[in-house]
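J.: The lines below spell out each chain.
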Amino acid sequence: DVKVTQSSRYLVKRTGEKVFLECVQDMDHENMFWYRQDPGLGLRLIYFSYDVKMKEKGDIPEGYSVSREKKERFSLILESASTNQTSMYLCASSPQGYEQYFGPGTRLTVT
Amino acid sequence: GIQVEQSPPDLILQEGANSTLRCNFSDSVNNLQWFHQNPWGQLINLFYIPSGTKQNGRLSATTVATERYSLLYISSSQTTDSGVYFCAPRFSGAGSYQLTFGKGTKLSVIP
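Residue numbers (my numbering), protein chains in the order written: chain A, 22 to 132; chain B, 14 to 124.
Treat the hints with care, as some may be off.
Label pairs and their computed distance ranges (CB to CB) [what the hints assert, rightly or not]:
1. PRO124(B) <-> ARG65(A): 21 to 27 Å
2. GLY118(A) <-> VAL77(B): 19 to 25 Å
3. THR36(A) <-> ALA30(B): 26 to 32 Å
4. SER86(A) <-> PRO124(B): 45 to 51 Å
5. SER86(A) <-> GLY70(B): 26 to 32 Å
6. VAL77(B) <-> ARG65(A): 45 to 51 Å
7. ASP72(A) <-> SER89(B): 40 to 46 Å
8. LYS24(A) <-> THR33(B): 39 to 45 Å
Incomplete in silico selection of chain B near chain A, CB under 10 Å [unchecked claim]:
9. VAL17
10. GLN46
11. PHE48
12. GLN50
13. GLN55
14. TYR82
15. PHE104
16. GLN111
17. GLY115
18. LYS116
Calculated from the structure, these hints are not laboratory results. Cβ coordinates follow ideal geometry from the N, Cα and C atoms, glycine included.
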């Protein structure tokens with residue numbers, strides 16, 4: 022079975038803090054993705070990576086950066102957290118061009 | 014622009030009833046996935062179905078790519094089927110790594 026894990030289920034941070042969300046997959050997938058989910062807006066892609074050290078912006082990259090130093094790990098970084106980044110963050114991975122598998126999600130609250 | 018429309022937005026069923034959820038999409042697709050989001054936020058893969066029909070227990074799905082729609086059938090519904098169902102095609106063409114999510118159908122199955 023494909024397994025995608027995320028570092029935290031729930032996270033509370035203060036405005037201005039630097040926040041790291043980590044995602045690990047165990048299936049040697051090339052592609053990894055970060056989405057955020059908000060009521061009424063659905064799931065939106067923040068960034069994705071198609072190989073180690075390679076990344077592409079998604080639909081809403083502003084305020085975020087990513088890092089992929091190893092194939093199995095994809096990190097989302099909020100350089101200076103703001104209250105409008107309070108959201109559910111979902112990580113996914115897939116082999117090239119095929120089915121995406123999601124982690125359990127991280128509910129981030131920025132106060 | 015690219016659009017994914019799901020209907021109905023909300024559905025209430027008596028336990029044991031059958032239902033059909035619909036997904037219309039605006040452009041040609043390379044593949045399409047159906048997900049169930051449980052109350053804890055986890056996205057569960059139901060089907061990877063770029064075309065044709067697949068069945069998995071009480072659930073089945075059909076995608077008619079040439080007519081740009083997909084259907085998810087739930088038979089003999091159970092309370093554990095409650096949650097939000099998402100359709101997510103991967104559109105052909107440039108930037109085609111990502112899935113585009115519909116707004117979802119919220120299903121409530123009552124005993």
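J.: List, from low to high, the hint numbers that the structure doesn't satisfy.
T.: 1, 3, 5, 6, 8, 14, 15
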